[in-house]
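Top to bottom, those sequences are chains U and G.
The first sequence: position 86 = 85 (this note's numbering), numbered continuously.
Take any residue in the second sequence, count from 1 to its spot, add 12: that is its number in this note's numbering.
Keep in mind that the hints were calculated from the coordinates and are not lab data.
Quick caveat, the model's predicted, so the values are computed rather than measured.
Treat the hints with care, since some could be wrong.
Said to hold, decoys possible - Straight-line C-alpha distance at most 20 Å; calculated EDC-like pairs for lysine to aspartate or glutamate: (1) U:Lys201 - G:Glu189; (2) U:Lys65 - U:Asp244; (3) U:Lys34 - G:Asp172; (4) U:Lys183 - G:Glu213; (5) U:Lys65 - G:Asp193; (6) U:Lys288 - G:Glu137; (7) U:Lys34 - U:Glu89; (8) U:Lys203 - G:Glu213; (9) U:Lys76 - G:Asp172; (10) U:Lys232 - G:Glu213; (11) G:Lys196 - U:Asp307; (12) G:Lys201 - U:Glu37; (13) U:Lys179 - G:Asp172; (14) G:Lys205 - U:Asp54; (15) U:Lys65 - G:Glu75; (16) G:Lys134 - G:Asp183; (17) U:Lys60 - G:Glu213; (18) U:Lys60 - G:Glu75; (19) U:Lys65 - G:Asp183; (20) U:Lys65 - G:Glu189.
Stated by the list, open to error - Listed next, with one range per pair, are the computed distances between beta-carbon atoms: (21) G:Phe88 - U:Asp307: 27 to 33 Å; (22) G:Glu91 - U:Lys103: 31 to 37 Å; (23) U:Asp197 - G:Asn188: 49 to 55 Å.
Note that beta-carbon positions come from the ideal geometry of N, C-alpha and C, so glycine has one too.
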Amino acid sequence: MKVSMKVLTITLGFAGALCVSSAIAAPNWSSVPAKDVELFYPGQSSWEWVLTPADHPGATKFRGGKNCFACHNGDEKNIGKMIASGKKNEPAPIAGKPGSIDAKVQMTHDATNMYVRIVFAPGNQPDSKLDKEFSTKVTMMIDGGGVPEVTRGGCFAMCHQDSAGMPAANGADRTMYLYKTRQKLTANGGGDALIPADALAKLKASGYSVEYWQARLNEGKPAVAANGEIFAKSEEIKPTAVSADASYKAGTWTVTLTRKLNAGAGFVALAPGKAYTVGFAIHAGHTDKRFHYVSFERSMTLDGGNADFVVK
Amino acid sequence: MQFKETMNGWIQGVLAFVRNNSRLLIVAAVSVVVGIGIAGAYGSVIDYTSHLDFCAHTCHEMEATVYTEYTHSKHFKNEFGVVVACPQCHVPHNDWPATFRAKFFASFELWNHFVDKEYELKNFEPRRIMLAKKVWAEFARTNAANCKSCHQYQNMVLTDQRPSIRAQHTDAMKKNENCLDCHKWLVHKQLIKPAAPTSFEF
C-alpha cells in the first residue's frame, strides 16, 4: 500500500510528540529551595545502642520523646569524625575516610511524579573495595507514617546490633529489619525468629514497612536506579519504580531520584495531607552495607504543613 | 567653763558606774573577748577544713580515691586554669547554719577513720556508694545550689555549646533542673553503671 508523504509526516510527528510527552519533564530546580543535610559516618551505632543509657547518654531523653535530630542537629561533623577515626563505635575504621559529607537536597513534585535532587561532594574517599561494582550509592528511605520508631529515630530504627558487620552479627549477613517482625528484641538484636506468618501479613497491611530509593553510581556512566522495601529484611523490588539520573563534575555528584506519586500497591503513596519521615544515606569509596554516611531523620509533607521538607 | 563642768560630771558618772558594776563589766569584757575568740576559732576551723589540701591530703582514704579521681577531672585542670576544690561542691555556700551542720556531721567521720579503720581502703571502698548517695540527696535537697553558684543557666552562652549540649541545657533551664540529673559522674569514679534496658521496643 502506498502511503502518502502527508500521512507519513503527520504520523511521525504524532509519534514524536507522544515520545516527548511521555519522557519525564525535568523540574526547574533553580526555583526549588535547597536544604542542607549533613550526613555522618555512624559506625556500629545500632538501635539497641541508641536505647542503652550506658552507651548513649541521650537514651533517656530519646525514650522520653525527643527525636535524634532535636538534640543532634549540628553535631554530625563531630560525631562522624569521632566514629570514622575509630575512637568510638568503629572497630574497623577505614583509614583516611572523612567523617561526614555535606549534601544539599531539593524536593519537588508535579501532577505525576516526585523528584528528589541530592548534590554532594564525597571528598577524598579511600577505596574500601567492599563494593566492586559501584563507587557510590545514594539512598533515600521514606516512611509513610506506619513505623513509629522510624518517625522517632530515622534509619537507626532499622539498624540492629545483629545486622551484618555489627557487634552481635557473629558472621551472619542479616540486612536491616523492623523489629516488630521479630518475636523478641534484646540488647543483641532480634535474631531470625520471626512472628507467625499471619501476624506478619497483618503488620505489613497496617503500613509497617519502609521504602527506599537508590541511585548506584560510577563516574562517567549512567546511574542505575533501584528501590526496595525494608520489613522483615531489606529486599529490592524489581522492576524498580524509581528512575535515577546523575552527573559528576569537578568532584560533585548531582543525583535525581524520581518516582510516581502513586506507584501502586506496595509503595508508599505520596499525597498532600500526610506526614512522612525521610532519611538519606551515601555509600562512598566503594563501600557497602553499614560503611555508609547517614543523615538524621527529617520530616516531609507535600504542598503544605509544618515539616523539614515541604514538597511543592 | 560650763562645758568643762559638764564633761567633768559625765566622766565622774562613768567612773562611778564602773566602780559600782566592776564585776559585771569584767564579765562582759571577758565574754566579748571569748566570743570573738570562739568566732575566730570557728572561722579558722571552717577555713582550714574547707581547703583542698585538708580534704585531699589529711586522710589516706580521700587522697588515694576521690582526690586522685578528681585530679583527672575538669574541676582540677582545664583550659581556663580554674580550680573547683572540694568545698565548692561539698560545703554549703552563704548559709552558715547549713555549713555548721555539714561540718558537725562530718566530724563523725573521725570515728569511721580511727575506729572503723577506713584509712585502709578495703574498709572504705564498700562505703563509697552510701556516701555518694548522701551527697546526691543533699544536691537534690538544694537543687544543686553549689553547682549553680558558679554555673548559672541564664548566664550560659548557648550558641558556644555543641548542638546536642545546647539542646539539653535549653530543656534543663526551663525546669531549673538539678545538674546532677545528667552530670552525676563528672568528677569521681562512676560507682554504679546505669541499669541495662529491659526493653528496646516502643
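Structure-based check of all given hints:
no. : hint                            : result
1   : U:Lys201 - G:Glu189             : violated (44 Å)
2   : U:Lys65 - U:Asp244              : violated (36 Å)
3   : U:Lys34 - G:Asp172              : violated (23 Å)
4   : U:Lys183 - G:Glu213             : holds (9 Å)
5   : U:Lys65 - G:Asp193              : holds (17 Å)
6   : U:Lys288 - G:Glu137             : violated (46 Å)
7   : U:Lys34 - U:Glu89               : violated (29 Å)
8   : U:Lys203 - G:Glu213             : holds (18 Å)
9   : U:Lys76 - G:Asp172              : holds (16 Å)
10  : U:Lys232 - G:Glu213             : holds (18 Å)
11  : G:Lys196 - U:Asp307             : violated (35 Å)
12  : G:Lys201 - U:Glu37              : violated (36 Å)
13  : U:Lys179 - G:Asp172             : violated (41 Å)
14  : G:Lys205 - U:Asp54              : holds (10 Å)
15  : U:Lys65 - G:Glu75               : violated (41 Å)
16  : G:Lys134 - G:Asp183             : violated (41 Å)
17  : U:Lys60 - G:Glu213              : holds (15 Å)
18  : U:Lys60 - G:Glu75               : violated (36 Å)
19  : U:Lys65 - G:Asp183              : holds (11 Å)
20  : U:Lys65 - G:Glu189              : holds (17 Å)
21  : G:Phe88 - U:Asp307: 27 to 33 Å  : violated (43 Å)
22  : G:Glu91 - U:Lys103: 31 to 37 Å  : holds (35 Å)
23  : U:Asp197 - G:Asn188: 49 to 55 Å : holds (52 Å)
Of the numbered hints stated above, those contradicted by the structure are hints 1, 2, 3, 6, 7, 11, 12, 13, 15, 16, 18, 21, listed in ascending order.
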